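**Q** Sequence:
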Amino acid sequence: MAIKERVGLVVSDKMQKTVVVAVENRAPHVRYGKIVVKTRRYKVHDEENACKVGDRVRIQETRPLSKTKRWQVTEVLTK
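Its first residue numbered 2, the sequence shown is counted upward by one per residue in our numbering.
It is worth saying that the hints were derived from the structure and are not from the lab. Bear in mind that the values here come from a model prediction, so they are computed numbers and not experimental data. Ideal placement from N, C-alpha and C gives every residue a C-beta, glycine not left out. Any given hint could turn out to be false.
Straight-line C-alpha distance at most 25 Å; calculated BS3-like pairs for lysine-lysine [to be verified]:
1. 68 with 53
2. 53 with 39
3. 80 with 70
4. 15 with 80
5. 44 with 5
6. 80 with 18
7. 53 with 70
8. 80 with 44
9. 18 with 68
10. 53 with 80
11. 39 with 68
12. 70 with 15
13. 18 with 53
Taking CB as the label site, the calculated pair distances span [what the hints assert, rightly or not]:
14. 69 with 8: 19 to 25 Å
15. 29 with 49: 34 to 40 Å
16. 61 with 17: 17 to 23 Å
Could you put together the complete structure from these sequences and hints?
**A** Listed below in structure tokens is the structure:
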């Protein structure tokens, strides 16, 4: 089974050991062809509290860590 990975932008770091990451999905509209941007926000585990707002991070799916947290930070791509 392949591990799901996403790249997104940290939009909130107000929680302890948790950040909120916004992942953009750009795809053409089925009928009209215009590029449509859909944004999905994930709560992500950040053990060292290393991520700050504006960082670009790679996240990966993991076992459930809390009620809403199922992802963890694997690396910080840009600060």
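**Q** Confirm or reject each hint.
**A** Hints, verified against the model:
1. Distance check on the hinted pair: residue 68 and residue 53 sit about 23 Å apart at the alpha-carbon level, within 25 Å; holds.
2. At most 25 Å may separate the alpha-carbon atoms for a hinted pair to count; residue 53 and residue 39 meet this at roughly 23 Å.
3. The straight-line distance between the Cα atoms of residue 80 and residue 70 is roughly 23 Å, inside the 25 Å bound, and the hint therefore holds.
4. Of the pairs offered as hints, the one joining residue 15 and residue 80 holds, with about 17 Å between alpha carbons and a cut-off of 25 Å not exceeded.
5. Taking the CA atoms of residue 44 and residue 5, the gap is about 15 Å. The hint holds against a cut of 25 Å.
6. Distance check on the hinted pair: residue 80 and residue 18 sit about 17 Å apart at the alpha-carbon level, within 25 Å; holds.
7. This hinted pair checks out: residue 53 and residue 70 have alpha carbons roughly 18 Å apart, not beyond 25 Å.
8. Between the alpha carbons of residue 80 and residue 44 the distance comes to roughly 19 Å, so the proposed pair stays at or under 25 Å and holds.
9. For the given pair, residue 18 sits about 15 Å from residue 68 by alpha-carbon distance, which is consistent with the 25 Å threshold.
10. Between the alpha carbons of residue 53 and residue 80 the distance comes to roughly 8 Å, so the proposed pair stays at or under 25 Å and holds.
11. Straight-line distance between C-alpha atoms of residue 39 and residue 68 comes to about 24 Å, which keeps the hinted pair within the 25 Å bound.
12. At most 25 Å may separate the alpha-carbon atoms for a hinted pair to count; residue 70 and residue 15 meet this at roughly 15 Å.
13. The straight-line distance between the Cα atoms of residue 18 and residue 53 is roughly 11 Å, inside the 25 Å bound, and the hint therefore holds.
14. Taking the beta carbon of each, residue 69 and residue 8 are about 20 Å apart, inside 19 to 25 Å as hinted.
15. Taken as a hint, the range 34 to 40 Å holds for the pair residue 29 and residue 49, whose Cβ atoms sit roughly 39 Å apart.
16. Distance hint for residue 61 and residue 17: a CB-CB separation of about 21 Å, consistent with the stated range 17 to 23 Å.
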